[in-house]
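Got chain A; can you put chain B on it based on the hints?
If you want the building blocks of each chain, they are given just below.
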Amino acid sequence: KQEVTQIPAALSVPEGENLVLNCSFTDSAIYNLQWFRQDPGKGLTSLLLIQSSQREQTSGRLNASLDKSSGRSTLYIAASQPGDSATYLCAVMQGGSEKLVFGKGTKLTVNP
Amino acid sequence: EAEVAQSPRYKITEKSQAVAFWCDPISGHATLYWYRQILGQGPELLVQFQDESVVDDSQLPKDRFSAERLKGVDSTLKIQPAELGDSAMYLCASSLTPTSGIYEQYFGPGTRLTVT
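Going down the list, the protein sequences come from chains A and B.
Under the working numbering, the first sequence has 58 at position 53, and the numbering climbs by one with no breaks.
Under the working numbering, the second sequence has 1058 at position 19, and the numbering climbs by one with no breaks.
Derived from the structure by calculation, the hints contain no laboratory data.
Don't take every hint at face value.
Once the Cα atoms are required to be at most 27 Å apart in a straight line, the calculated BS3-like pairs of lysine-lysine come out as [stated by the list, open to error]: (1) A/Lys-104 - B/Lys-1101; (2) A/Lys-109 - B/Lys-1050; (3) A/Lys-104 - A/Lys-73; (4) A/Lys-6 - B/Lys-1050.
Far from chain B, some chain A residues (derived; all Cβ distances over 10 Å) [as the list claims (entries may be wrong)]: (5) Val-18; (6) Ser-29; (7) Thr-50; (8) Leu-67; (9) Lys-73; (10) Glu-103.
No residue lacks a Cβ here, since even glycine has one placed at the ideal position from N, Cα and C.
For reference, chain A alone in the conformation it holds in the complex (with noise of 0.2 Å):
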């Protein structure tokens, strides 16, 4: 059964730091793997999608590795912003199923 792993659960950074973000996942067998922001009481924006034979994506200040092989993905957030603050969501799509499976989130706190 495919378990999703993000550490840490909550982080807290001041305005203009470059953070990364963690996310892993116990079967390397994924067709995609996409990241999300969630904002509180609200639902899910997708912020990159990586497919299993992409190492990484971009947009804007956002940047998405993954290495399927180790079980790994993560989120680089450069210049941090107050705009910023939300739980990121880390999913992975398994090979032969279009179901999500999502880890538990990472808050992240940018203080002005």
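Frame of chain A; chain B shown alone:
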């Protein structure tokens, strides 16, 4: 930009009552998902539809939960009777057809259910 629509946004109901949630996926998205997210946890899949057919409902508590997507477009998730443990965020998502090779899921704003 097209979005997944859900209603209601918030629902408070008493234990043993019936409750229903509605979802309208992005136009053209054949696959629709219902997820449940308990506070502090990641979402977990309840049911997946491909057009009007159920593809995966292995985690749906079928004694009290039901879901339908009669015309392959919008969908309804029902709970009867509601229990205290059903309090959670119910999220709907949609994606393009598998033949497109694109499985990116787009989520709606969710329905926050509180059972008292």
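Status of the hints after comparison with the structure:
1. At roughly 19 Å between alpha-carbon atoms, A/Lys-104 and B/Lys-1101 fall within 27 Å of each other, so this suggested pair holds.
2. A hinted pair counts as satisfied when its Cα atoms are at most 27 Å apart, and A/Lys-109 with B/Lys-1050 qualifies at roughly 24 Å.
3. Taken as a hint, the A/Lys-104 and A/Lys-73 pair is honoured in the structure, with Cα atoms around 18 Å apart against an allowance of 27 Å.
4. At roughly 33 Å between alpha-carbon atoms, A/Lys-6 and B/Lys-1050 are farther apart than 27 Å, so this suggested pair is violated.
5. For A/Val-18, the condition that its CB be more than 10 Å from all CB atoms of chain B holds, with the nearest at approximately 21 Å.
6. With a least CB separation of 14 Å from chain B, A/Ser-29 remains clear of the 10 Å interface cut-off, as annotated.
7. In this structure A/Thr-50 is not separated from chain B by more than 10 Å, as the shortest Cβ-Cβ distance comes to only about 7 Å.
8. The Cβ of A/Leu-67 lies farther than 10 Å from every Cβ of chain B, with a closest approach of about 15 Å, so its non-interface assignment holds.
9. No beta-carbon of chain B is positioned within 10 Å of the beta-carbon of A/Lys-73; the least distance is around 16 Å.
10. The beta carbon of A/Glu-103 is not kept farther than 10 Å from every beta carbon of chain B, the shortest such distance being approximately 6 Å.
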